[in-house]
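Visitor: Each chain, letter by letter, is given below.
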Amino acid sequence: MNKLYTRLGIAGSVGLSLAGLWLLISLFGPVLAPHGPGEIVDYEVFLPMSAEHPLGTDYLGRSVISRIMDGARFTVGIAFAAALLAALMGTGLGLFSAVSGKAVDESISRLMDALLSIPNKIFALVMIAAFGSSVPLLLLITGITYTPGVYRIARALAVNINQMDYIQVARARGEGRAYLALSEVLPNMIHPMLTDFGLRFVYVVLLLSSLSFLGLGVQPPNADLGSLVRENMSGLWEGAPAIMAPAAAIASLTIGVNLFIDSLRGRD
Amino acid sequence: MNTIVTLLLRRLGISLVTLLLVSAVVFLITNLLPGDPAQEMLGQAATPEVVEALREKLGLNQPAHIRYLNWLGSLLSGSPGVSLANNMPVAELVADRLPRSLMLAGTTTVVAVPFALFVGIVAAMYHGRRADSIISTAVMFVVAVPEFLVATVAVLIFAVELGWLSAVSYAPQDPTLGQFLATYALPVLTLSLVLVGQMARMTRAALIEQLQQPYIEMAVLKGASPARVVLRHALPNAVGPIANAVALSLSYLMGGVVIIEVIFNYPGIASLMVDSVTNRDFPLLQACAMLFCTGYLILVLMADTAAILSNPKLRK
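If you're matching them up, the sequences are chains L and G in order. Each step along the first sequence adds one to the number in my numbering, with nothing skipped, and position 126 is 126. Counting the second sequence from 1 gives a position; my numbering is that position plus 1000.
Simulated from the structure, these hints should not be mistaken for laboratory data. By construction, the Cβ of each residue, glycine as well, lies at the ideal position given by its N, Cα and C atoms. Fair warning: there could be bad hints in the mix.
[Unchecked claim] Simulated coverage check for chain G against chain L, where a stretch passes if three residues somewhere in it have a Cβ under 8 Å from a Cβ of chain L:
no., stretch
1, 1154-1160
2, 1293-1302
[What the hints assert, rightly or not] With beta-carbon atoms standing in for the labels, derived distance ranges:
no., chain 1, residue 1, chain 2, residue 2, range
3, G, V1239, L, T195, 29 to 35 Å
4, G, L1069, L, Q163, 55 to 61 Å
5, L, Q219, G, A1053, 30 to 36 Å
6, G, T1003, L, Y179, 40 to 46 Å
7, G, V1239, L, V169, 42 to 48 Å
8, G, G1013, L, G38, 53 to 59 Å
9, G, F1141, L, W237, 38 to 44 Å
10, G, K1222, L, Y179, 52 to 58 Å
11, G, S1077, L, L21, 54 to 60 Å
12, G, A1131, L, A156, 32 to 38 Å
13, L, A172, G, R1011, 34 to 40 Å
14, G, K1222, L, A156, 26 to 32 Å
15, L, A156, G, L1012, 22 to 28 Å
[What the hints assert, rightly or not] Covered stretches of chain G, going by a simulated chain L footprint (3 or more residues, C-beta under 8 Å):
no., stretch
16, 1014-1022
17, 1195-1207
Using the sequences and the hints given, assemble the complete structure.
Guide: In structure tokens form, the structure reads like this:
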């Protein structure tokens, strides 16, 4: 543990702890939460912090801490799955492009460039208008939104690796394209792709909570951290913890993962 | 000179092709859903004859590629159909909102660019020292949180705690300077903050790249002060990369403005687009999406133009 700490530095360790904390909350939050997410625990709304209600109550008198512990599941879960989807699709297409002929490579690259020139939020809005925004669809939409970005990095890495002597040797040996891509190229690009995965995760958290904040993301009765900020907006004038706590939750999650990844990258 | 012109024309051509592809993607996504828009608009009670008539009127009976070309033609001729939500021509709705969004984006640019350059240059001058790490950390914090958080905190501080500004912005027809400041202050402040973060980070990176060149080592060795090294030696050579960074960061506005307009109730093109998503008003949505993509592509094109123009290898 001490060794890990020195390797990551202070900022990296703080980041890793925050990310780990949110992972635990998203896995066990609903079990550990003092109340159910929909349960009305007090007739007073927007209560300040107290021993009884650690983060106060929300606009309906529900327990804020319980709602955050429940909502983290959606934020972390969807973002993780979407980042994974983007990583798999982007890396898969990137590898395919790199080991395929010029025509295939060019056409995939042009299409991905076109998708990249649609701003992420605009792309997500168009997709939500067309397909709606249930949880599986949100996962798919945010995953597809970030696929072109992953593709670009994966293809660039794969094209570089593809020039290496050991690839030439494998090709001369008569290995097929699938073998080249998966057994020769992929293992050598896995580290930068993992770092990229962490950053995509943060991007999806930002996009997803922004969409939920606009009322176009996770729909009631479910609520992710972005929806929690939105639904308690009326408490802003009182500076209620109901609005500050989910906001701080998002910030600590994204900043935590960012710090952790930065400290990993610093050593590369 | 000729190489530059060829390069720029080539770059412009690529942008136009990309824009065409983007329009195809937008059209495809908004037409992918199975189901009949005519039926949906009229409801289940409509007779088949009425639905058929509306299908004919909307041109839904034609094959997809013909509809795409029609749509593209109508976009180019400046009359992209009629809004499904309130039966107003899309062009009119957009023309009403677009100047306001441009105003917001323009004011933000005027505020953010000088400040971002200052911050980026200072960070680069103190590269690796405490001032740099403070700036870099602050920038990371701003960039790592969603815009609506920055906006919420800004409202909390300036409107709730200090009571200086109003949290809802609407611009009167001919605002006085005071009104102008009061309505634009918070949206511009929030947008600028995130923009400054991105821009300062890229400006710093561009300058630091210059600082690693041999001629900088030469300047240091001959005894030039750190400030002089950065301002007189590195900065002129980094103008191209910095202009590139500025244009690229500005393209962030295309997404950021969506959140800011909604949270401050600002009647611009982005809040119009969010409404069109809620109402599933596809003609309006398509037009807004194309506007944003065009703006984005123009900024990226400007970034690349700056990079091409500033490349001394291309000068003859």
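Visitor: For every hint, state whether the structure bears it out.
Guide: Hint check:
{"no.": "1", "hint": "1154-1160", "result": "holds (count 3)"}
{"no.": "2", "hint": "1293-1302", "result": "holds (count 4)"}
{"no.": "3", "hint": "V1239(G) - T195(L): 29 to 35 Å", "result": "holds (31 Å)"}
{"no.": "4", "hint": "L1069(G) - Q163(L): 55 to 61 Å", "result": "violated (42 Å)"}
{"no.": "5", "hint": "Q219(L) - A1053(G): 30 to 36 Å", "result": "holds (35 Å)"}
{"no.": "6", "hint": "T1003(G) - Y179(L): 40 to 46 Å", "result": "holds (43 Å)"}
{"no.": "7", "hint": "V1239(G) - V169(L): 42 to 48 Å", "result": "holds (46 Å)"}
{"no.": "8", "hint": "G1013(G) - G38(L): 53 to 59 Å", "result": "holds (56 Å)"}
{"no.": "9", "hint": "F1141(G) - W237(L): 38 to 44 Å", "result": "violated (25 Å)"}
{"no.": "10", "hint": "K1222(G) - Y179(L): 52 to 58 Å", "result": "holds (57 Å)"}
{"no.": "11", "hint": "S1077(G) - L21(L): 54 to 60 Å", "result": "holds (56 Å)"}
{"no.": "12", "hint": "A1131(G) - A156(L): 32 to 38 Å", "result": "holds (34 Å)"}
{"no.": "13", "hint": "A172(L) - R1011(G): 34 to 40 Å", "result": "holds (39 Å)"}
{"no.": "14", "hint": "K1222(G) - A156(L): 26 to 32 Å", "result": "violated (39 Å)"}
{"no.": "15", "hint": "A156(L) - L1012(G): 22 to 28 Å", "result": "holds (24 Å)"}
{"no.": "16", "hint": "1014-1022", "result": "holds (count 5)"}
{"no.": "17", "hint": "1195-1207", "result": "violated (count 0)"}
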